[in-house]
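As you go down the protein sequences, you meet chains A and B in turn. Here the first sequence stands for residues 13 to 334, where the numbers follow our numbering. Here the second sequence stands for residues 13 to 334, where the numbers follow our numbering.
It is worth saying that the hints were derived from the structure and are not from the lab. Computed from a prediction, not measured in an experiment: that's the story for all the values here. Be careful, since some hints might not be right.
No distinction is drawn between identical chains; accordingly, a pair holds when it is met within one copy or between any pair of copies.
As the list claims (entries may be wrong) - Heads up, simulated SDA-like pairs for lysine to any residue below, C-alpha to C-alpha not over 25 Å straight-line:
| id | residue 1 | residue 2 |
| --- | --- | --- |
| 1 | Lys49 | Lys295 |
| 2 | Lys94 | Val18 |
| 3 | Lys94 | Arg115 |
| 4 | Lys49 | His69 |
| 5 | Lys94 | Tyr80 |
| 6 | Lys79 | Pro22 |
| 7 | Lys226 | Thr242 |
| 8 | Lys27 | Arg115 |
| 9 | Lys76 | Tyr90 |
| 10 | Lys138 | Lys295 |
| 11 | Lys138 | Thr292 |
| 12 | Lys158 | Ala222 |
| 13 | Lys79 | His69 |
Protein chains: 2
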Amino acid sequence: MPQTPVTILPLSQIKERLKTADLIPLIESGFVAYSDKQAVVPPVGELIFEDPPGETHIKYGYIKEQKYAAVKIASGFYNNPKLGIKASQGVILLFSQQTGELRCVLLDEGLLTDIRTAIASMITLKYLAPKKVDKIGIIGTGIMAKLQLAYLHQVSDCKEIVVWGRTPKNVLAYQDYFKDSPYTVHIAKDIASLAAQCQVIVTTTFSKEALLQKAHIQRGTHITALGSDTAEKIELSPKILQMADIVVSDSLAQSQSRGEVFQARKANCLNTEKLVELGTLIKNPALGRQDADQITVADLTGVAVQDIMIATAIFDAVTQAK
Amino acid sequence: MPQTPVTILPLSQIKERLKTADLIPLIESGFVAYSDKQAVVPPVGELIFEDPPGETHIKYGYIKEQKYAAVKIASGFYNNPKLGIKASQGVILLFSQQTGELRCVLLDEGLLTDIRTAIASMITLKYLAPKKVDKIGIIGTGIMAKLQLAYLHQVSDCKEIVVWGRTPKNVLAYQDYFKDSPYTVHIAKDIASLAAQCQVIVTTTFSKEALLQKAHIQRGTHITALGSDTAEKIELSPKILQMADIVVSDSLAQSQSRGEVFQARKANCLNTEKLVELGTLIKNPALGRQDADQITVADLTGVAVQDIMIATAIFDAVTQAK
Chain A
13 MPQTPVTILP LSQIKERLKT ADLIPLIESG FVAYSDKQAV VPPVGELIFE DPPGETHIKY
73 GYIKEQKYAA VKIASGFYNN PKLGIKASQG VILLFSQQTG ELRCVLLDEG LLTDIRTAIA
133 SMITLKYLAP KKVDKIGIIG TGIMAKLQLA YLHQVSDCKE IVVWGRTPKN VLAYQDYFKD
193 SPYTVHIAKD IASLAAQCQV IVTTTFSKEA LLQKAHIQRG THITALGSDT AEKIELSPKI
253 LQMADIVVSD SLAQSQSRGE VFQARKANCL NTEKLVELGT LIKNPALGRQ DADQITVADL
313 TGVAVQDIMI ATAIFDAVTQ AK
Chain B
13 MPQTPVTILP LSQIKERLKT ADLIPLIESG FVAYSDKQAV VPPVGELIFE DPPGETHIKY
73 GYIKEQKYAA VKIASGFYNN PKLGIKASQG VILLFSQQTG ELRCVLLDEG LLTDIRTAIA
133 SMITLKYLAP KKVDKIGIIG TGIMAKLQLA YLHQVSDCKE IVVWGRTPKN VLAYQDYFKD
193 SPYTVHIAKD IASLAAQCQV IVTTTFSKEA LLQKAHIQRG THITALGSDT AEKIELSPKI
253 LQMADIVVSD SLAQSQSRGE VFQARKANCL NTEKLVELGT LIKNPALGRQ DADQITVADL
313 TGVAVQDIMI ATAIFDAVTQ AK
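The following block holds chain A by itself, in its conformation from the complex (with noise of 0.2 Å):
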């Protein structure tokens, strides 16, 4: 039996799939199964470069009973902008769990994780955003900033959003980038004047101090905090999920050693009986907010099976397509 070739899968035809894929009930399934036990999910590998100073993370895994397994390998090097390049990088592979051959390779440049994680973020919403939202408060003005109002239609009505960043020619740039969208961006002088206006709030930075202060958290906050996905980078002080009635992570193992959960923990400053991990949440949707008064936080440092149901959709598209 001669060997199955292997599809190539261009940026153009992975975009060209996304048009008509349904992500969030996708990815919601792909969270179930492994709060269900259901996926194998191995720690995250890392590569460290220091000059330039750059992460690849490894996350692979599969869902049993379905044909592929998944390897994801996507990096950040946060110089690449200089250079007129994307600081996100990045490849999904499928093997087929029946006898471990290639049979895809997704050549997605980092755009896949990029979608995944803002579904996710949207996920979070769709459980945990009070049911009054005035406003929306985006801190961080790069792909993943732009990306959640992509998607943000899909779980809420919302038009109204505060834009915080650290560099103001680049909040302009978010600004003008959706002055023909439905949307309204506002600019906030600060943090803190973004969360007084604001009843959700995702933090999508790299960074490596605590952006949101315990401070400038109103009653009935929602939280989701994407943008760690490491030991060292934080968005969110401890205190704030010290503070929270209930804290969301994607994954209760990952969060032993990475993101705000991580963070907090190690601050101790989080009481593990509010914790819920995310597929939980879906499946029984009274896990989350019960009333506008409480303030919550998701904590997404993302999952290999995020990028197995993503990958195989499109893979899965692409084949009946044919």
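Given the coordinates of chain A, work out where chain B should sit on it, guided by the hints.
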């Protein structure tokens, strides 16, 4: 600046480039960089599959001052041959150390892993085999057993081979495979008889029980064990490592958790003073065999530096040929 295009190398092109590659010095320099702490090689990633049984190893890292980081995904699905598919499968990816961009996908279907393992075996024979070798014993009859004879002439003049395998049909097929080669392949009736005739023994199986026992081994024998690369697999009785004068490991770090050295340590059979890392031996050959009477053992679990070196050499050759 547009994204640099990714080079996809099919197996045929990889095979073409392998014909002219001088692999022994290449892989030796990778081992030396590794033992000199010039390589960043995190612990091996591992995925285990149950039905059908299979395992996937992810080996990755980079050598400082080089252009690329490598991620190698290699699988063993031991029921594949029943389907007419190779048990070992794989792919190697090269990424820029400067930007994290994917540069090259080597669709080697596991071939480069097989070859770099055979080359490592040759390197151990070069430094550890006794001067006078009448017969070389090969335990196992699969692809790794065959590849030994493809490269043996680079390090030894011996043409007399003794083979042993569990399955008589496969042993006959192995003998037949080399019928028009410079090698004469004799079939051993059992492992004891193989070990009694051979001054060099290479073990190449997936065994989970020790095959070679202490009582089998004559003074002056060198043994290279390349089958065990997990915590479960074992080919040599720990008592052989206890008896040996010199034990060489391709990676002292990996030997903490996999391979023959791990097994011997676990059985309290290893005096670590006689343990030498392969890259250290290559730099200082005086650490190798001192006389014809010594018993020496090399344990290969496979190190990412081998993958980095072989994949980079193939990609460079393709780039330069353009």
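Structure-based check of all given hints:
| no. | hint | in the structure |
| --- | --- | --- |
| 1 | Lys49 - Lys295 | within (13 Å within a copy, 48 Å between copies) |
| 2 | Lys94 - Val18 | between (35 Å within a copy, 21 Å between copies) |
| 3 | Lys94 - Arg115 | between (35 Å within a copy, 20 Å between copies) |
| 4 | Lys49 - His69 | both (22 Å within a copy, 21 Å between copies) |
| 5 | Lys94 - Tyr80 | between (37 Å within a copy, 20 Å between copies) |
| 6 | Lys79 - Pro22 | both (21 Å within a copy, 24 Å between copies) |
| 7 | Lys226 - Thr242 | within (22 Å within a copy, 47 Å between copies) |
| 8 | Lys27 - Arg115 | both (19 Å within a copy, 20 Å between copies) |
| 9 | Lys76 - Tyr90 | between (36 Å within a copy, 19 Å between copies) |
| 10 | Lys138 - Lys295 | within (13 Å within a copy, 60 Å between copies) |
| 11 | Lys138 - Thr292 | within (14 Å within a copy, 57 Å between copies) |
| 12 | Lys158 - Ala222 | within (21 Å within a copy, 58 Å between copies) |
| 13 | Lys79 - His69 | both (23 Å within a copy, 19 Å between copies) |
Going down the numbered hints, you'll see the structure goes against none, and every one checks out.
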